[in-house]
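S.K.: Listed below are the residues making up each chain.
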Amino acid sequence: MADRPDGERKAGSNKPALALHVPEPKYRPGDTVDFSDLDIGEPGKQPRPDEACDPSEMGELAYGLVRVLGDDDKAHGPWDPKLDPETLRTMLHNMALVRAFDERMFRGQRQGKTSFYMKCTGEEATSVAAAMALASDDMVFPSYRQQGILIARGYPLIEMINQIYSNKGDKLKGRQLPIMYSSREHSFFSISGNLATQTPQAVGWAMASAIKGDSRIAATWVGEGSTAEGDFHSACTFATVYNAPVILNVINNQWAISSFSGFAGAERTTFAARALGYGLAGLRVDGNDALACFAAQQWAANRARANAGPTLIEYFTYRAEGHSTSDDPTGYRSAQERTEWPLGDPVMRLKRHLIAIGEWDEERQEKMDLEAAERVKAATKEAEKNGILGHGLHHPFRTMFEDVFEELPWHLREQSKQAIREREIKFPEGRPNA
Amino acid sequence: MSTQTKKKAEAGADGERRLNMIEAINDALDIMLERDPDVIVMGEDVGYFGGVFRCTAGLQEKHGKTRVFDTPISECGIIGVAVGMGAYGLRPVPEIQFADYIYPGLDQLISEAARLRYRSATEYIAPLTVRSPFGGGIFGGQTHSQSPEAIFTHVSGLKTVIPSTPYDAKGLLISCIEDNDPVIFFEPKRIYNGPFSGFYDKPVEPWKRHPQSEVPEGYYNIPLGQARTVTEGEQLTVLAYGTMVHVAEAVCRQKGVEAHILDLRTLVPLDIEAIEASVEKTGRCLIVHEATRTSGFGAELSALVTERCFYHLEAPVERVTGFDTPYPHSLEWAYFPGPVRIGEAIDKILSE
Numbered sequence: 001m002a003d004r005p006d007g008e009r010k011a012g013s014n015k016p017a018l019a020l021h022v023p024e025p026k027y028r029p030g031d032t033v034d035f036s037d038l039d040i041g042e043p044g045k046q047p048r049p050d051e052a053c054d055p056s057e058m059g060e061l062a063y064g065l066v067r068v069l070g071d072d073d074k075a076h077g078p079w080d081p082k083l084d085p086e087t088l089r090t091m092l093h094n095m096a097l098v099r100a101f102d103e104r105m106f107r108g109q110r111q112g113k114t115s116f117y118m119k120c121t122g123e124e125a126t127s128v129a130a131a132m133a134l135a136s137d138d139m140v141f142p143s144y145r146q147q148g149i150l151i152a153r154g155y156p157l158i159e160m161i162n163q164i165y166s167n168k169g170d171k172l173k174g175r176q177l178p179i180m181y182s183s184r185e186h187s188f189f190s191i192s193g194n195l196a197t198q199t200p201q202a203v204g205w206a207m208a209s210a211i212k213g214d215s216r217i218a219a220t221w222v223g224e225g226s227t228a229e230g231d232f233h234s235a236c237t238f239a240t241v242y243n244a245p246v247i248l249n250v251i252n253n254q255w256a257i258s259s260f261s262g263f264a265g266a267e268r269t270t271f272a273a274r275a276l277g278y279g280l281a282g283l284r285v286d287g288n289d290a291l292a293c294f295a296a297q298q299w300a301a302n303r304a305r306a307n308a309g310p311t312l313i314e315y316f317t318y319r320a321e322g323h324s325t326s327d328d329p330t331g332y333r334s335a336q337e338r339t340e341w342p343l344g345d346p347v348m349r350l351k352r353h354l355i356a357i358g359e360w361d362e363e364r365q366e367k368m369d370l371e372a373a374e375r376v377k378a379a380t381k382e383a384e385k386n387g388i389l390g391h392g393l394h395h396p397f398r399t400m401f402e403d404v405f406e407e408l409p410w411h412l413r414e415q416s417k418q419a420i421r422e423r424e425i426k427f428p429e430g431r432p433n434a
Numbered sequence: 001m002s003t004q005t006k007k008k009a010e011a012g013a014d015g016e017r018r019l020n021m022i023e024a025i026n027d028a029l030d031i032m033l034e035r036d037p038d039v040i041v042m043g044e045d046v047g048y049f050g051g052v053f054r055c056t057a058g059l060q061e062k063h064g065k066t067r068v069f070d071t072p073i074s075e076c077g078i079i080g081v082a083v084g085m086g087a088y089g090l091r092p093v094p095e096i097q098f099a100d101y102i103y104p105g106l107d108q109l110i111s112e113a114a115r116l117r118y119r120s121a122t123e124y125i126a127p128l129t130v131r132s133p134f135g136g137g138i139f140g141g142q143t144h145s146q147s148p149e150a151i152f153t154h155v156s157g158l159k160t161v162i163p164s165t166p167y168d169a170k171g172l173l174i175s176c177i178e179d180n181d182p183v184i185f186f187e188p189k190r191i192y193n194g195p196f197s198g199f200y201d202k203p204v205e206p207w208k209r210h211p212q213s214e215v216p217e218g219y220y221n222i223p224l225g226q227a228r229t230v231t232e233g234e235q236l237t238v239l240a241y242g243t244m245v246h247v248a249e250a251v252c253r254q255k256g257v258e259a260h261i262l263d264l265r266t267l268v269p270l271d272i273e274a275i276e277a278s279v280e281k282t283g284r285c286l287i288v289h290e291a292t293r294t295s296g297f298g299a300e301l302s303a304l305v306t307e308r309c310f311y312h313l314e315a316p317v318e319r320v321t322g323f324d325t326p327y328p329h330s331l332e333w334a335y336f337p338g339p340v341r342i343g344e345a346i347d348k349i350l351s352e
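First to last, the protein sequences are chains S and F. By the numbering used here, the letter at position 296 of the first sequence is numbered 296, and the numbering carries on one by one without gaps. By the numbering used here, the letter at position 9 of the second sequence is numbered 9, and the numbering carries on one by one without gaps.
The hints are simulated quantities; they were obtained by calculation from the structure and are not laboratory data. Computed from a predicted structure; not experimentally measured. Where is the CB? At the ideal position from N, CA and C, for every residue including glycine. Worth double-checking, as some hints may not be accurate.
EDC-like mimics (lysine to aspartate or glutamate), calculated; alpha carbons at most 16 Å apart, straight line [to be verified]:
#, chain 1, residue 1, chain 2, residue 2
1, S, Lys212, F, Asp38
2, F, Lys65, F, Asp100
3, F, Lys255, F, Glu344
4, S, Lys212, F, Asp36
5, S, Lys171, F, Asp38
6, S, Lys171, S, Glu402
7, S, Lys74, S, Glu42
Quick list of simulated restraints, FRET-style, between CB atoms [claimed, not checked]:
#, chain 1, residue 1, chain 2, residue 2, range
8, S, Glu407, F, Asn193, 32 to 42 Å
9, F, Asn193, S, Ala17, 54 to 64 Å
10, S, Leu20, F, Phe323, 51 to 61 Å
11, S, Gly265, F, Phe323, 38 to 48 Å
So here's chain S without its partners, still in its complex pose (with noise of 0.2 Å):
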């Protein structure tokens, strides 16, 4: 909306005067919340068009939405990826534990354990799924709310806890932000905290592969926010250019931290639109769809493997906690966005799935949830043995001027030996991990 009124005229002109469009939000704090007219389509309608089919020819799935399980809690149409029960439960696992560990992350943090935490709660699916349906050694290059990838490739709980206790047992040596992982075991790529610059890094990478004749391809996960960033277009432009092998997850969450999606063009298009200009395959996913999710990836894999192109996802999804520990989203948006979310909850209707197919009941997920909690709470008793954060046993002294370069040069050591000055002034007594 202009925030000129119409008409106006600066003073000595007779010219119309122009109006700048600031967005907004259509629901603020207290706001009464009404999703009716969002357009989520029927579950099973999209078309599934074949994986080497040309950008051109499949516009409409930028601006749709993929669905695949429906009100009746069944997979329609032809975008179902018909799992078998086994995959199915094993997708649900991974996304409830995902949901225990953010929990009592959230809560450590909350309890001085550590400085920061994020959850991912409500976008469960654009990660596990998303990571299920890509090979193992495929790389990943993940922003900040992937711990879903992780934990689906099974890198253990203790060691993501000793990241984020910054303590003794951290593989990162305390050097990250909490949630800012790495593991090359698990093909994961080392977190930025600056957005976006994951996404060129990842073309890349999938570059070198198609160089190298490898069969490995890569993957890449943005928030709708960052895909404003400079980064994000070089990405899109190399991926098109050299047919990289590569994919291009856009997590639509709706907000980045208080800025709702308008604010990266969501007013105007889709983000799954992005892709045309440039000539990508484009599609446009039910994030809260775990089927949808692994199809549309699936789909973008096979696409990838085949030297058929790159492909953009958007994940329509919803970001149903604050952003960070450090954010409190009562500020800026209504608490009803939550709960009249179109779309339900991810790990809830994959839940109601496996019940409707009759391979699932509401004792085994109480036992699941159970099970998970109780696995999360186990390893992080096992991880605060390793420390936490601001108590002491963090990693030896010497390791922050490690690893700034391959050898150390003279002026690092010259500054080390300053620091451990320093420290024998401040601790004459001496101190553990000295």
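The hints should help you fit chain F onto chain S, whose structure is shown.
M.R.: For chain F alone, coordinates are given in the frame of chain S:
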């Protein structure tokens, strides 16, 4: 080396193989593409065309389109994909067409390439060598003349290397490509074709008459972090790099001053021992660079010399630099730290 460049290689009077700096860089890239199948050369116009300065001429034809290729006009993308390629295990050598164009790639260099080893505790590294022509004196105006080296020396995790002769350009570039850390390799474009003396009204000497244009065939390297003594002398120490090595040398020769001129070659890691040894001997130190003055690398050098050699100094450390203005097109030679500015500083130091 490529056929195209080979034709240009000339023998000097002594029958030795003489190359200019462009040919020496081409030779280094050719050798490394041959020796290491993980080396990739990419950048704007570097493929079929061979680069706007011809540094990659003939390389695509010889090594193939997936080893040497053109890129979109996107410095952020060039550096970003190079980081990803490095994570895969390749050894990319991206070219940024002019150092002035590097700024869109800064976040990928500073926050990503330079920090990857540290933040991943060595799980991932970024062994890239970013080549880029820099410096003025070619009537390039403000967007084709800058010397932004201090932006990079300020970043922990980056190495910065600047050659001043064909022999060094080849040996240093090979070391950079083999290095497992990200390196910024700035090529002083004013001296691509000859060792410019700073006397812009005189004809430029071609490289073939300079002893450092003798460039052996095949592989050799020059370790990073080692300065080169250009001339021995007792009267004062001159710290310089790139084009300014030759300008400082010409001014000292013209004035009959016996200076110990150190070509730093690598700014990070710096050869502090060579600097200390020289200043302790001469007691006087002049620092010369083309970049703007405030927070330039000369400020770091001046501070280091003052901190470490204070009691050997007989005169205040002097800096000769470009002015703190954008590089002016028509007034290029008024901006350039040429013989008059350097001569005046030498007189001042020696009069103390």
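S.K.: Are the hints correct? Go through all of them and say.
M.R.: Here is what the structure says about each hint:
For the proposed pair lysine 212 of chain S and aspartate 38 of chain F, the alpha carbon gap of about 9 Å is at most 16 Å, so the pair holds. Straight-line distance between C-alpha atoms of lysine 65 of chain F and aspartate 100 of chain F comes to about 27 Å, which puts the hinted pair past the 16 Å bound. Distance hint between lysine 255 of chain F and glutamate 344 of chain F is fulfilled; the C-alpha atoms sit about 11 Å from each other, no more than 16 Å. Proposed proximity of lysine 212 of chain S and aspartate 36 of chain F is supported: the alpha carbons are some 13 Å apart, at most 16 Å.
Only pairs whose Cα atoms come within 16 Å are accepted, and lysine 171 of chain S paired with aspartate 38 of chain F is rejected, the gap being roughly 28 Å. Annotation: proposed proximity of lysine 171 of chain S to glutamate 402 of chain S holds, straight-line Cα distance about 14 Å (limit 16 Å). Note on lysine 74 of chain S and glutamate 42 of chain S: the hinted pairing holds, with a Cα-Cα distance of about 13 Å set against a maximum of 16 Å. With their beta carbons about 35 Å apart, glutamate 407 of chain S and asparagine 193 of chain F fall inside the hinted range of 32 to 42 Å.
Checking the proposed 54 to 64 Å range against asparagine 193 of chain F and alanine 17 of chain S shows it holds: the Cβ atoms sit about 57 Å from each other. Leucine 20 of chain S and phenylalanine 323 of chain F have their C-beta atoms about 39 Å apart, which leaves the hinted 51 to 61 Å range violated. Taken as a hint, the range 38 to 48 Å holds for the pair glycine 265 of chain S and phenylalanine 323 of chain F, whose Cβ atoms sit roughly 43 Å apart.
The earlier numbered hints that this structure contradicts are 2, 5 and 10.
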